[in-house]
Amino acid sequence: MDIFLPISIKAPVNRAVETLVSRFGDSLHVVNDLLLQGGLLPIERLLRGTPAWLMLILIGLLAWHATRRLAHAAGIVAACYLIGCFGLWDLLMQTLALVLVSTALAVLIGLPTGILISQSRLARRLLLPVLDVMQTLPTFVYLIPAVMLFGLGKVPAILATVVYAVCPLIRLTELGIRQVDPEITEAAWSFGTTRWQLLVGVQLPLALPSIMAGLNQTVMMALAMVVIASMIGARGLGEDVLAGIQTLDVGKGLQAGIAIVLLAIVIDRITQAYGQSQRLQNMTRSRETGGHESR
Amino acid sequence: MSHRPALFAALLAATSFPLAAASHAAPSPWCQAGKPVKLAGLNWESGALLTELIKTVLEKGYGCQVELVPGNTVTLENALATNDIQVIAEEWVGRSDAWNKAAAEGKVKPVGKVIVGATEGWYVPDYVIKGDTKRGIKPAAPQLKTVAELPSYKQLFKDAEEPEKGRFLNCPTGWTCEGVNSQKLKAYKLDSYVNFRPGSGAALDAEISSSYQRGKPILFYYWSPTALMGKYKFIKLQEPAYNEACFKTLTDKDHASPCGSAAPEAVIQVGLSKALFDGDPALVGFLTRFNVPIDTLNNALAQMADNKTDAATQAKTFFANQGKLWRGWLPADVAAKVAK
Numbered sequence: 001m002d003i004f005l006p007i008s009i010k011a012p013v014n015r016a017v018e019t020l021v022s023r024f025g026d027s028l029h030v031v032n033d034l035l036l037q038g039g040l041l042p043i044e045r046l047l048r049g050t051p052a053w054l055m056l057i058l059i060g061l062l063a064w065h066a067t068r069r070l071a072h073a074a075g076i077v078a079a080c081y082l083i084g085c086f087g088l089w090d091l092l093m094q095t096l097a098l099v100l101v102s103t104a105l106a107v108l109i110g111l112p113t114g115i116l117i118s119q120s121r122l123a124r125r126l127l128l129p130v131l132d133v134m135q136t137l138p139t140f141v142y143l144i145p146a147v148m149l150f151g152l153g154k155v156p157a158i159l160a161t162v163v164y165a166v167c168p169l170i171r172l173t174e175l176g177i178r179q180v181d182p183e184i185t186e187a188a189w190s191f192g193t194t195r196w197q198l199l200v201g202v203q204l205p206l207a208l209p210s211i212m213a214g215l216n217q218t219v220m221m222a223l224a225m226v227v228i229a230s231m232i233g234a235r236g237l238g239e240d241v242l243a244g245i246q247t248l249d250v251g252k253g254l255q256a257g258i259a260i261v262l263l264a265i266v267i268d269r270i271t272q273a274y275g276q277s278q279r280l281q282n283m284t285r286s287r288e289t290g291g292h293e294s295r
Numbered sequence: 001m002s003h004r005p006a007l008f009a010a011l012l013a014a015t016s017f018p019l020a021a022a023s024h025a026a027p028s029p030w031c032q033a034g035k036p037v038k039l040a041g042l043n044w045e046s047g048a049l050l051t052e053l054i055k056t057v058l059e060k061g062y063g064c065q066v067e068l069v070p071g072n073t074v075t076l077e078n079a080l081a082t083n084d085i086q087v088i089a090e091e092w093v094g095r096s097d098a099w100n101k102a103a104a105e106g107k108v109k110p111v112g113k114v115i116v117g118a119t120e121g122w123y124v125p126d127y128v129i130k131g132d133t134k135r136g137i138k139p140a141a142p143q144l145k146t147v148a149e150l151p152s153y154k155q156l157f158k159d160a161e162e163p164e165k166g167r168f169l170n171c172p173t174g175w176t177c178e179g180v181n182s183q184k185l186k187a188y189k190l191d192s193y194v195n196f197r198p199g200s201g202a203a204l205d206a207e208i209s210s211s212y213q214r215g216k217p218i219l220f221y222y223w224s225p226t227a228l229m230g231k232y233k234f235i236k237l238q239e240p241a242y243n244e245a246c247f248k249t250l251t252d253k254d255h256a257s258p259c260g261s262a263a264p265e266a267v268i269q270v271g272l273s274k275a276l277f278d279g280d281p282a283l284v285g286f287l288t289r290f291n292v293p294i295d296t297l298n299n300a301l302a303q304m305a306d307n308k309t310d311a312a313t314q315a316k317t318f319f320a321n322q323g324k325l326w327r328g329w330l331p332a333d334v335a336a337k338v339a340k
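Protein chains in written order, with the numbering used here: chain C, 1 to 295; chain X, 1 to 340.
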């Protein structure tokens, strides 16, 4: 009397994964090595090799450049210094490398995709459901197959992070471009711009605050994935959180957890400041040229 | 008024009848009091299956309410000491500080012999040493026998993230074996190897399976009873013979200069909280007799992995096919209820 038909995709999926592993596993492991040697490891070595004091100064300069406020910059440096005081500096640098590479990949993928779905209704219809899946599919479901294909460690962790974190960037890029005032676009058309000029010269600059907000969200979500990444052997702050939880060492877990929060605050303040200063510049520019202001 | 005594007698008969029947069936005082029996929801394969077997007997045979409480080893051992859970189905006695401390204080009691003949150690796939003519794999390290020789093979077990070192695949952080293996790396002077913790049991299994399917060399810690042990062929590397003093330096994860030792023969028992141990001779009696021969267990686990069934389903198959085995654990009337 069961009204449900017995449908199961378990067996075919399992078979497919096994075939994938035996057929493409070796070449994907080569990809894994290339990504490691060519991208992640040099960055990680650079970050870990830079003396901590120099790193703090650089972070301070970047923070000041972004916020233009001495107090904010000092706060940001103090937060990083505190992580160092916890004895987590090295882990912090490993996590930072992971987040930076994931974010860079997310931008490389997210920005063009966002532009594409802002321009084409068909692409939008096709890709938006895919984004929903990427954001909600439990990470472990594709993480373990990724481990079998790429090997344990940082590369599958980065891939999973990109899958999860790229979504807000795509959505907010699209939103930013679509929200550009149609009158401005029309004015640009009437001056005879090409589609490319319109995109690069008008739409993208005006969408920049929205894109920066997307980037900010992407970085935050990448940080949120750090603990999950450590469950497949990616080292960094997440590993300490995991070790803390698994050995009932609540203090250790919390300390590393706080370090992740501090890192999140630091990155958030800096990226937000860049987004805001861009917004201000936009407003002053449009005021100078007598153009539109936000209504 | 005149009906009263009759009614009373009827009531008495109604209440005393099930009591009499229950006493005949060796009742479990714990479960009759309506208290739930909380089992550790062990998440490794053999632990999960054994837990399901116990759960089935408790529910069907003794009419207990059973709850599974998930968690990792240390958390569950602490919970057992505080009687927050009552049973750990597969306890490797003496392997963890949390257990040893609680056992010394009498808060937890080991009973029975759940698994006899379990092994653990450092393994490589058989094709690394013997090759595999069927798959055209040449033996990459035909001379490799002991852990002491590992330094000269670090290029074979190369770590992708630190290519100048080898990779030893340890247990996930938080498992008792992770600390022991980390100390062993020190004891065997393997600083040319990365102590790689896979982060979770699933990731460890995925990495081993993937390497095995592709015929690649890999060095890892593993143990039986497990599905992978039943499915693939691994060769155990020799370690110095078990030595109690040395093994203590290995279990103490802060010991500065540990000395090498193989693991002692595994004593795997059911861990009980003191409250259940003292309060329920019926369940203790069953758990003392509870044992699954290791070959039967390895086969069941391999079946579980091949058919991708969960522990609960496999437990049903077990009760359907292994009647002779499990009837030996139980009084006849309890067994009859389980068989229903």
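Everything labelled a hint here was simulated from the structure, so no lab data went into it.
Check the hints yourself; a few may be wrong.
[Stated by the list, open to error] Simulated pairs of lysine-lysine, BS3-like, Cα-Cα distance not exceeding 27 Å:
#  : chain 1 : residue 1 : chain 2 : residue 2
1  : X       : Lys316    : C       : Lys10
2  : X       : Lys340    : X       : Lys231
3  : X       : Lys274    : X       : Lys38
4  : C       : Lys10     : X       : Lys308
5  : X       : Lys189    : X       : Lys231
6  : C       : Lys10     : X       : Lys231
7  : C       : Lys252    : X       : Lys101
8  : X       : Lys308    : X       : Lys60
9  : X       : Lys186    : C       : Lys252
10 : C       : Lys252    : X       : Lys60
11 : X       : Lys248    : C       : Lys10
12 : X       : Lys130    : X       : Lys233
13 : C       : Lys252    : X       : Lys253
14 : X       : Lys248    : X       : Lys189
15 : X       : Lys248    : X       : Lys158
[To be verified] Chain C stretches covered by chain X per the calculated footprint, using a threshold of three residues with CB under 8 Å from any CB of chain X:
#  : stretch
16 : 31–37
17 : 110–123
18 : 185–198
19 : 225–236
This one's a predicted model, so the numbers in the text were calculated from it and none came from an experiment.
Beta carbons: idealized from backbone N, C-alpha and C, even for Gly.
**Report entry** Check of the stretch 31–37 of chain C against chain X for coverage (Cβ-Cβ below 8 Å, three residues minimum)
**Finding:** holds (count 4)
Query raised in the report: Is it true that the CA of Lys10/C sits at most 27 Å from the CA of Lys308/X?
Result: holds, 8 Å
Report task. Assess, step by step, whether the Cα of Lys189/X is no farther than 27 Å from the Cα of Lys231/X, and give holds or violated. Result -> Cα-Cα ~32 Å, so violated.
Requested in this report: Below or equal to 27 Å on CA atoms is what counts here, so check Lys252/C against Lys60/X.
Outcome: Violated, at about 43 Å.
Report task. Check, residue by residue, whether the stretch 110–123 of chain C contains three or more positions whose beta-carbon lies closer than 8 Å to a beta-carbon of chain X, and give the verdict. Result -> violated (count 0)
Query raised in the report: Lys340/X and Lys231/X: Cα distance at most 27 Å?
Result: Since the Cα atoms of Lys340/X and Lys231/X sit roughly 33 Å apart, the hinted pair is violated (cutoff 27 Å).
Query raised in the report: Taken at face value, is the distance from the CA of Lys101/X to the CA of Lys252/C at most 27 Å?
Result: The hint holds at about 22 Å.
Query - Distance restraint between Lys186/X and Lys252/C, which requires alpha-carbon spacing of 27 Å or less - result: holds, 23 Å
Query raised in the report: Has the given pair, Lys248/X with Lys158/X, been kept, meaning a C-alpha gap of at most 27 Å?
Result: Not satisfied, since the Cα-Cα distance of roughly 30 Å exceeds 27 Å.
Query raised in the report: Does the structure keep Lys248/X and Lys10/C at a Cα separation of 27 Å or less?
Result: Distance of about 45 Å is beyond 27 Å: violated.
Query raised in the report: Taken at face value, is the distance from the CA of Lys231/X to the CA of Lys10/C at most 27 Å?
Result: The hint holds at about 20 Å.
Requested in this report: Could you grab the alpha-carbon distance between Lys248/X and Lys189/X and see if it respects the 27 Å cut-off?
Outcome: holds, 18 Å
When each numbered hint is compared with the structure, violations occur for hints 2, 5, 10, 11, 15, 17, 18.
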